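Numbering (my numbering), first residue to last: 104 to 294.
Just so you know, these hints were derived from the structure itself, not from any lab. What you are looking at is a predicted structure, and each value in this text was computed from that prediction instead of being measured. Among the hints, erroneous ones may be present.
[Unchecked claim] Computed cross-link-like contacts, DMTMM-like style, restricted to lysine to aspartate or glutamate with a CA-CA straight-line distance of at most 20 angstroms: (1) K149 - E131; (2) K255 - D176; (3) K264 - D125; (4) K220 - D125; (5) K222 - E131; (6) K255 - D125; (7) K149 - E216; (8) K173 - D125; (9) K173 - E131; (10) K217 - D176.
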Amino acid sequence: MNRYLISFLPWIAYAFVATSDDWRNGAEVGLAIALVVIYRDRRTGKHWDEMVIEVSAAVFFAGITWLSYKDPDSSLIPYGPALVDAWLALTAFGSLAIGRPFTLGIARRIAPEKVWKTKAFFRTNAVITTVWGVSFAGAAAALAVLIHHDPKATTASIVIKVVSFLIPVMFTMRYPATVAARQARSAHQPV
């Protein structure tokens, strides 16, 4: 859980700063935190595949920071929260499309090495990454509709953000144990 919070720290900081201050400042803070987290993680020996969300954050916030200077009055400004979740959904589904679910690197830090190359390990992470992607996509759509109809609905926006984060976190925490229990049951059943 702590690892996921650190991975999402740039996104959380952006949401806080952009909501309370200015989207440009939020983008700069998100970019700075993403770069610090990546630097720290690399110095501690983390592999690139363990930092997909962090690298994605650096790319996203570099782009948003650039946009904030190029077009400070962009019509995308109000849709920042939806864009964040759309980008995260793209990251999740993109990682699935290239056959490298973004949760694989993180899961390897927790799971024993003997399971890393198993189909079950890959499939479990593909399912978990899919849940994250669906949650992000759902949040992006809900936020876009909400912002379009009521741009000042901050409480509803926060609820969408929190729920769309907690659901995949809880799923991620529980699903591997469910898979392991299912495998244990099937191993004990006669053929």
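Hint check results:
For the proposed pair K149 and E131, the alpha carbon gap of about 24 angstroms is over 20 angstroms, so the pair is violated. For the hint linking K255 to D176, the alpha-carbon distance of about 18 angstroms falls within 20 angstroms, and the restraint holds. A C-alpha spacing of about 19 angstroms is found between K264 and D125, which places the hinted pair at or below 20 angstroms, so the restraint holds. Taking the CA atoms of K220 and D125, the gap is near 45 angstroms; set against the 20 angstroms cutoff, the hint is violated.
At most 20 angstroms may separate the alpha-carbon atoms for a hinted pair to count; K222 and E131 exceed this at roughly 40 angstroms. Distance restraint check for K255 and D125: the Cα-Cα separation of roughly 15 angstroms lies within the 20 angstroms cut-off, and the hinted pair is therefore satisfied. Pair hint K149 plus E216 holds up; C-alpha atoms about 15 angstroms apart against a cutoff of 20 angstroms. At most 20 angstroms may separate the alpha-carbon atoms for a hinted pair to count; K173 and D125 meet this at roughly 15 angstroms.
Proposed proximity of K173 and E131 is supported: the alpha carbons are some 14 angstroms apart, at most 20 angstroms. The straight-line distance between the Cα atoms of K217 and D176 is roughly 53 angstroms, outside the 20 angstroms bound, and the hint therefore fails.
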